[in-house]
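Quick mapping for you: the protein sequence lines, in order, are chains A and B.
Following the working numbering, the numbering of the first sequence begins with 22 at its first residue and continues without gaps.
Following the working numbering, the numbering of the second sequence begins with -1 at its first residue and continues without gaps.
Please note that the accuracy of each hint is not assured.
As the list claims (entries may be wrong) - Below are the DSS-like pairs computed for lysine-lysine, each with C-alpha atoms no more than 27 Å apart in a straight line:
1. A:Lys74 with A:Lys251
2. B:Lys75 with B:Lys89
3. B:Lys35 with A:Lys112
4. A:Lys98 with B:Lys77
5. A:Lys166 with A:Lys176
6. B:Lys51 with A:Lys166
7. B:Lys143 with B:Lys188
8. A:Lys153 with B:Lys77
9. A:Lys98 with B:Lys148
10. A:Lys166 with B:Lys148
11. A:Lys166 with B:Lys35
12. A:Lys251 with B:Lys143
13. A:Lys98 with B:Lys89
14. B:Lys45 with A:Lys176
15. B:Lys216 with B:Lys35
16. B:Lys51 with B:Lys232
17. B:Lys202 with A:Lys166
18. B:Lys148 with A:Lys153
19. A:Lys74 with B:Lys153
20. A:Lys112 with B:Lys75
21. A:Lys166 with B:Lys45
22. A:Lys112 with B:Lys77
23. A:Lys52 with A:Lys176
24. A:Lys112 with B:Lys29
25. A:Lys74 with B:Lys51
26. B:Lys29 with B:Lys232
27. B:Lys188 with B:Lys51
Hints listed in this document are in silico derivations from the structure and should not be mistaken for laboratory results.
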Amino acid sequence: MGLELYLDLLSQPCRSIYIFARSNNIPFEFKHVELFKGPSNSQGTGKVNLLKKVPALKDGDFTLAECTAILLYLSRKYNTPDHWYPSDIQKRARVDEYLSWHHANIRANAPKTMWIKVLIPLFTGQPLPSEKLQEVMEGLSTSLKQFEERFLQDKAFIIGSEISLADLVAIVELMQPVGVGCDIFEDRPRLLEWRRRVEDAVGKELFFQAHEMILNIKELSNIQIDPQLKEQLAPVLMKMLK
Amino acid sequence: MGLELYLDLLSQPCRALYIFARSNNIPFEFKRVQLMKGQHRTEEFRKVNVLMKVPALRDGSFTLAESIAILLYLAQKFKTPDHWYPSDLQKRARVDEYLSWQHANIRAKGSKVFLSKVLLPILTGQPLSAEKLEFLIEDLNVVLKQFEEKFLQDKPFIAGSEISLADLVALVELMQPVGAGYNLFEERPKLAEWRRRVEEAVGKELFQEAHEGIMNIKNLTADQFAPELLESFKQQLLKQLLHK
């Protein structure tokens, strides 16, 4: 039994791992976890990942959670090209810096666009709260400004002339609002050019394949959501509305 | 000009850096940035970190933000003992796993208890309701349970038999709600023992020195803040607590 990656491509961190592994021809078994199928489905991942979330990795007896940890593990185990996580101490520090900052900034706001525009209405039957969305977009705007000024600046990629894990982790997160109709690249030409460069670097076809589900999110409204899951999540989501 | 670390020891990530550098005898110049006086907002500091946050590092012309990035940079540059960030692939992955997970969990929930219990009442002049506090503590308790069950388990330290960056980063965060008056170690013997092990591994004296400020934080009063910045800090805090 080789490397297994437990993924749902609706999830941003899952996409970065999927793209990284495929782009580097890392052999793995794709274990599809459908987040909206609820407890009965998460039984499988329950054993793999005590936090019951995706992404998760299983390599023989070794199990691992957290996107950053998985990406770093794969880059080391499979000796991927240096630019992904440079051996140069200062370039590496720049990648680490972004991967850390990402959590409380881009990742804190970007996913909420999907919750507010799609998931909350779907789960609770309540309409989209517009002031909440505006708040999230403002927060996201601030993070994007910092991203452009501090991390990207005038460079082709975050560390300079080549793509790294930092760009990949950033881009998949930013595709979430795009998928639900908040095109954050629209008024940001520099960001859009960076996006094109990232797509080219990993392979356009692979990039779009990974993003097929999120870009066709309207299909989600037709998904049968496990009633148990709906019951479990509805109060959590209502909390988010407050 | 050698290595400079820009720190305010009231900040959890600053303490992790301070303890790590001192514990490993890494030579550095301690540049104090007093957050309450708004020193993180000066033009001078902006040159070190345009995001205006501590901790920050300056090494010659190289500047760096984010405590995790700085810890890894120091570990690599000064070739600290292997256990801090093990070269073993799987042990290293365990450390990475914790360092990633903690942002949105231990750090977020622990901070929130501290900010709401200590800073918010001072800046708004209104005490925190018991109900709200209970709510925040419940949130913290959930992640503490996950920490014990998933990350620590029955091991002496997160990565196994030796201390790593993960333990240090975890403990400094947990000291924040402790400083605010929530003694989360009281009814958690396994956690309390882990804490003792970590303190011993880095040096009890150093640990206590680093935590002197936060352990006396209940004596904090509004006049210790730069008066012209009080309103701005209040708005910033309210926004921060709303978004978490």
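Hinted pair B:Lys75 and B:Lys89, Cα distance within 27 Å: With Cα atoms ~20 Å apart, B:Lys75 and B:Lys89 stay inside 27 Å; holds.
Pair hint B:Lys35 and A:Lys112, alpha-carbon separation not exceeding 27 Å: violated, 33 Å
Pair hint A:Lys112 and B:Lys29, alpha-carbon separation not exceeding 27 Å: Within the cut-off at roughly 24 Å; holds.
27 Å Cα cutoff - pair A:Lys52, A:Lys176: Violated, at roughly 36 Å.
Restraint check for B:Lys143 with B:Lys188, where alpha carbons must lie at most 27 Å apart: holds, 11 Å
Restraint check for A:Lys112 with B:Lys77, where alpha carbons must lie at most 27 Å apart: holds, 17 Å
Given pair status - A:Lys166, B:Lys202, alpha carbons within 27 Å: violated, 42 Å
Satisfaction of hint between B:Lys232 and B:Lys29, Cα-Cα up to 27 Å: Holds, because 25 Å separates the two Cα atoms, which is no more than 27 Å.
A:Lys153 paired with B:Lys77 [C-alpha distance capped at 27 Å]: violated, 47 Å
Straight-line alpha-carbon gap A:Lys74 to B:Lys153, limit 27 Å: holds, 23 Å
Pairwise hint evaluation, B:Lys148 against A:Lys98, where the allowed Cα distance is 27 Å at most: Answer holds: A:Lys98 to B:Lys148 is near 23 Å, not above 27 Å.
Given pair status - B:Lys232, B:Lys51, alpha carbons within 27 Å: holds, 17 Å
Hints 3, 8, 10, 17, 18, 23, 25 and 27 from the earlier list are contradicted by this structure; the remaining hints agree with it.
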